[in-house]
Amino acid sequence: MSEAPLMQRPNSWQTAANARLRMARFRQLLALASLGAVLLVSGCASEDGGVQSQKLAMIKSRGKLICGVDGKLPGFSFVSSNGQYSGLDVDICRAVAAAVFGDPTKVDYRDLNSSERFAALASGEVDLLSRNTTYTLSRDAAGGNGLSFGPTTFYDGQGVMTPRASGISSLRDLAGKPVCVESGTTTELNLADQMRQLNVAYTPLKFQTGDQTYAAYLGGRCVAVTSDRSQLAGKRTSFPNPDDHVLLPDVLSKEPLTPASVNADPAWADAIRWTVYALMQAEELGISTSTIDSKLAEAKANPNLAELRRFLGVEGDFGKQLGLPADFVVRIVKAVGNYGEIFDRNVGPGSPLKLDRGLNRQWNNGGLIYSPPFR
Amino acid sequence: MTMPPVPSRHALGRRLRSELFASPLDGVISVALIVGLAAAALGLGHWATTQARWAVIQANSTLFAVGRYPEPQQWRLWLLTTLLAAAAGLSWGLLRGLPRPDRPAQRWPRNDRLALLLLITLALLVPVSLKLSVVIQLRWWLITALLLILRWAAGRWAQRIPGHWQRWLPLLWPLLYLVGMVLISGGLGLIQVPSSDWGGLLLTLLEASFAILLCFPLGILLALGRRSTLPLLRWGSVLYIEFIRGAPLITLLFLGQNILGFLLPGGLAPERVWRAAWVLTLFAAAYVAEAVRSGLAAVPRGQMEAARSLGLPLPLALLHVVLPQALRVALPATVGQFITLLQDTTLLSLIGLSDLLFVAGTVMANPAYLGRNAEVYLTLAVLFWCCCAALGLGSRALERRLDPNPLPSS
Numbered sequence: 291m292s293e294a295p296l297m298q299r300p301n302s303w304q305t306a307a308n309a310r311l312r313m314a315r316f317r318q319l320l321a322l323a324s325l326g327a328v329l330l331v332s333g334c335a336s337e338d339g340g341v342q343s344q345k346l347a348m349i350k351s352r353g354k355l356i357c358g359v360d361g362k363l364p365g366f367s368f369v370s371s372n373g374q375y376s377g378l379d380v381d382i383c384r385a386v387a388a389a390v391f392g393d394p395t396k397v398d399y400r401d402l403n404s405s406e407r408f409a410a411l412a413s414g415e416v417d418l419l420s421r422n423t424t425y426t427l428s429r430d431a432a433g434g435n436g437l438s439f440g441p442t443t444f445y446d447g448q449g450v451m452t453p454r455a456s457g458i459s460s461l462r463d464l465a466g467k468p469v470c471v472e473s474g475t476t477t478e479l480n481l482a483d484q485m486r487q488l489n490v491a492y493t494p495l496k497f498q499t500g501d502q503t504y505a506a507y508l509g510g511r512c513v514a515v516t517s518d519r520s521q522l523a524g525k526r527t528s529f530p531n532p533d534d535h536v537l538l539p540d541v542l543s544k545e546p547l548t549p550a551s552v553n554a555d556p557a558w559a560d561a562i563r564w565t566v567y568a569l570m571q572a573e574e575l576g577i578s579t580s581t582i583d584s585k586l587a588e589a590k591a592n593p594n595l596a597e598l599r600r601f602l603g604v605e606g607d608f609g610k611q612l613g614l615p616a617d618f619v620v621r622i623v624k625a626v627g628n629y630g631e632i633f634d635r636n637v638g639p640g641s642p643l644k645l646d647r648g649l650n651r652q653w654n655n656g657g658l659i660y661s662p663p664f665r
Numbered sequence: 033m034t035m036p037p038v039p040s041r042h043a044l045g046r047r048l049r050s051e052l053f054a055s056p057l058d059g060v061i062s063v064a065l066i067v068g069l070a071a072a073a074l075g076l077g078h079w080a081t082t083q084a085r086w087a088v089i090q091a092n093s094t095l096f097a098v099g100r101y102p103e104p105q106q107w108r109l110w111l112l113t114t115l116l117a118a119a120a121g122l123s124w125g126l127l128r129g130l131p132r133p134d135r136p137a138q139r140w141p142r143n144d145r146l147a148l149l150l151l152i153t154l155a156l157l158v159p160v161s162l163k164l165s166v167v168i169q170l171r172w173w174l175i176t177a178l179l180l181i182l183r184w185a186a187g188r189w190a191q192r193i194p195g196h197w198q199r200w201l202p203l204l205w206p207l208l209y210l211v212g213m214v215l216i217s218g219g220l221g222l223i224q225v226p227s228s229d230w231g232g233l234l235l236t237l238l239e240a241s242f243a244i245l246l247c248f249p250l251g252i253l254l255a256l257g258r259r260s261t262l263p264l265l266r267w268g269s270v271l272y273i274e275f276i277r278g279a280p281l282i283t284l285l286f287l288g289q290n291i292l293g294f295l296l297p298g299g300l301a302p303e304r305v306w307r308a309a310w311v312l313t314l315f316a317a318a319y320v321a322e323a324v325r326s327g328l329a330a331v332p333r334g335q336m337e338a339a340r341s342l343g344l345p346l347p348l349a350l351l352h353v354v355l356p357q358a359l360r361v362a363l364p365a366t367v368g369q370f371i372t373l374l375q376d377t378t379l380l381s382l383i384g385l386s387d388l389l390f391v392a393g394t395v396m397a398n399p400a401y402l403g404r405n406a407e408v409y410l411t412l413a414v415l416f417w418c419c420c421a422a423l424g425l426g427s428r429a430l431e432r433r434l435d436p437n438p439l440p441s442s
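Sequence order for the protein chains is A and B. Its first residue numbered 291, the first sequence is counted upward by one per residue in our numbering. Its first residue numbered 33, the second sequence is counted upward by one per residue in our numbering.
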């Protein structure tokens, strides 16, 4: 801008006028460009039903969901002998892939350890974290890890296992008895807190590693051992006589294991949230892999079944509102079944873990699994 | 490092007596040790044959070998194994068939006979004891047979290979590495197999061999840089080496996996497998540099001065006079670093790459095999021991070949 006057040597008023003219043209151009950009953006968005999830658009264009899992947690995520990922956490990934692509196999699994899982999510290495993550305030808060949690898929908690023959049926029965704990863990502290509250004196036997703890328990050095209930149940399957050991009904801590995504993309978090809710709602409505076809036929045939028709995407635009296909629920259930099926298959009676549904029963059965209405 | 002369058979008893039972105290210690070791061996044997349930290894053998590599593409890995066996047999035979001019030719020295015995036993025993399917057993036997036949043939007819062919033979391995990469990852008409599906022993060996191959030249350059008279080069090398040696490998691996994702825009960061491979390479290079530097320090100053005064330019003097001597001195330490590197690959399981240790973890998490930890870890130990022993044996053979003043061997 400063060179032109020097070259042409015009009068000062001419220069000023030129500059003004140029600025005006520049402003016009800028306005046009921004108008164009707005039109372009709104055009893109309206094409996809008003959803503006960059993440979802990226996943769709990539053709694969990248899901962060633990990879070595019995019943939750592991690689089976045929090279396929399986487990409860894995089925959540498969459900989301089924909702987005209609194909549960379109998932790239990323095995993450507990220290890198949040960094992997924040840097966009994974789209979804389905890795036994306990839902806590500091992980949810924008000032903390800034995650966006979906619905809890497994309510775990610290439990106590005792030999069936010992006749112990509650924490109070542990008075004066030795209890094996792993030292330096939150489970050790939780047990101490709980027992102090109950005013029960017990003898903690502390061990450095989990293996030592269970070996001491099996060796009869203590009458109880404490850890997360899912872990206790997993360990029990490797005992010589698994049926000789029982989990006490007492739950000493809250460990809601919950899938998570980043805070920055609420539309993507909603898609995950309602995918998980769909699993729960399907169980509540009695829709499973074996009944989905008949239910769908029923919904299509009978216009009076409004709730079922909306849920299965026969009418309404729930899928479109989430940026998912209209029949996303049908695709999910066909791919992985409902929540109850997933639970039974991976950690419940259908698996060697044989965990009780407990808190993970449907709300109308005395549990905490509760899907908000699909409407 | 050379082997002591082997005593003849009747001398063996005398030697045992003098080494184990020279005095009453010696005798007591020896007996106690022998009893202790025998008890441990018996205990292990008892456990392995009666209590251990080896089904976990048998059912997951593919997982241990190649991870989640897609089954329809696994023929490529069999082909690669065959090529590797052929190249190994060829190189082994040529090394024996083309002896150095300053020592007598030995087509089947004692170590080779031992290795032969070990190979045949392994090939016969392992597939059978793991109850692998007949097809897979047969493949292993054919591959072993190919290796041994080529070893024999190359040893026998090595002298007849024309000289200009011999010059190109060292290129066999780098070429094979490239072919192997294409076979593993796909391309050139083969279906792509994403690196996230590579795993098990395949990934462990791939990462280790990549790092070993590249860290060696890098380490030499760094060592030369550290001894250079150019201040920028010298201080740059010192800074790099000391920075790397001051940070634990796991820190650098995490840095590579997680921070690169932040620093580089989405598509630009290399895949996770290669990020880890480069971190391993750059890490090992710093240590190899120090090993090479110790070798360079052991070469008398006069060697370089003599070479320069004969009119050799600096690069040629380094290449032909100083480095051959320095590398020979540095070889044991360098190979030690390679072995460490191979074992360090187990750290990859901590950053979520499915190396051998990670596969072990995920197999043990399979509810069908819960509690089978001992079997899995023992298998892992044996696998790692085999790989490390092979590296060690190879390096000792190389040392003997490079040794200018060999002891007369049997």
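A portion of the hints provided could be inaccurate.
To be verified - Interface residues of chain B toward chain A, partial, derived using beta-carbon atoms under 8 Å:
id: 1; residue: Ala72
id: 2; residue: Leu95
id: 3; residue: Ser217
id: 4; residue: Gly218
id: 5; residue: Leu220
id: 6; residue: Gln224
id: 7; residue: Ser228
id: 8; residue: Ala279
id: 9; residue: Thr283
id: 10; residue: Phe286
id: 11; residue: Asn290
id: 12; residue: Gly384
id: 13; residue: Ser386
id: 14; residue: Thr394
id: 15; residue: Ala397
id: 16; residue: Ala406
Hints in this document: simulated from the structure, not taken from any laboratory. The C-beta atom is built at its ideal place from N, Cα and C for all residues, glycine as well.
(request) If any of the earlier hints don't hold here, list their numbers in rising order. (result) Hint check: 1, 3, 4, 5, 6, 8, 9, 16 fail, others pass.
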